[in-house]
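S.K.: The residues making up each chain are set out below.
Number of protein chains: 2
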Amino acid sequence: MPTPLGQELRRLRFEKNLRLEDVANGTGITLQYLSMLEKGDRKSVSFEIMADISRFYGVPLDYFAAFIKEEQSQPLSDVEIMLWQSINEKVRDEIYYKKGKSLKAIFAKLFN
Amino acid sequence: MPTPLGQELRRLRFEKNLRLEDVANGTGITLQYLSMLEKGDRKSVSFEIMADISRFYGVPLDYFAAFIKEEQSQPLSDVEIMLWQSINEKVRDEIYYKKGKSLKAIFAKLFN
Chain D
2 MPTPLGQELR
12 RLRFEKNLRL
22 EDVANGTGIT
32 LQYLSMLEKG
42 DRKSVSFEIM
52 ADISRFYGVP
62 LDYFAAFIKE
72 EQSQPLSDVE
82 IMLWQSINEK
92 VRDEIYYKKG
102 KSLKAIFAKL
112 FN
Chain U
2 MPTPLGQELR
12 RLRFEKNLRL
22 EDVANGTGIT
32 LQYLSMLEKG
42 DRKSVSFEIM
52 ADISRFYGVP
62 LDYFAAFIKE
72 EQSQPLSDVE
82 IMLWQSINEK
92 VRDEIYYKKG
102 KSLKAIFAKL
112 FN
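Just so you know, the sequences run in chain order D and U.
Number 81 in my numbering belongs to position 80 of the first sequence; there are no gaps in the numbering.
Number 89 in my numbering belongs to position 88 of the second sequence; there are no gaps in the numbering.
One or more hints might be untrue.
You can't tell identical chains apart in this list, so a pair holds if it fits in one copy or across any two.
To be verified - Straight-line C-alpha distance at most 30 Å; calculated BS3-like pairs for lysine-lysine:
1. K40 with K17
2. K17 with K91
3. K70 with K17
4. K70 with K40
5. K70 with K44
6. K91 with K70
FYI, nobody ran anything at the bench for these hints, they're computed from the structure.
Just need the whole structure built from these sequences, with the hints factored in.
M.R.: Structure below.
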């Protein structure tokens with residue numbers, strides 16, 4: 002039976018009109034592993050692999066984590082995922098490269 | 002040899018003055034697994050386990066992902082991690098529960 006995470010990975014792939022082969026080529030993950038992952042045939046998923054998939058699809062890892070806990074497995078729209086990822090990358094850039102406005106300013110903007 | 006991820010997990014734990022036993026009790030992960038993880042004795046780390054650790058420490062999964070790629074393994078300060086996690090949770094709440102200001106408004110604030 003497909004796991005919530007497997008279902009979401011398949012949904013994302015279909016939405017982008019990609020074949021498993023395309024994801025395998027784009028990530029370096031084997032076709033077999035990807036197929037098992039989507040079908041829910043793996044008991045445990047590797048963090049490294051999920052990080053590669055997250056980068057490939059442009060989806061935050063923290064989004065995928067919601068699909069491990071079954072009760073929270075509502076897929077988001079393309080736009081919502083894209084916004085979350087953009088904000089995530091913006092925050093990461095602010096922290097790591099101290100570009101532009103300071104993190105504290107971002108924080109103040111969000112919470113005021 | 003400790004991996005960058007293992008070193009960072011140990012650093013976080015020391016910073017909070019926790020023993021491995023405390024992390025094991027708080028997460029439900031076995032002492033042995035946690036010890037191997039910090040020492041870098043595991044080839045692959047489970048995504049599910051990292052999600053539990055992320056929740057326990059209040060650290061975004063996307064932060065931990067940086068430590069898989071060795072070149073990006075700069076630890077952040079407590080405050081920076083806390084800010085990132087807060088923003089992350091804020092965004093997640095906005096998306097999942099549509100509370101308060103809309104995501105697009107947040108996005109506009111950050112990027113203007």
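S.K.: Looking at the structure, which of the earlier hints fail to hold?
M.R.: Of the numbered hints given earlier, the structure breaks none, since each of them holds.
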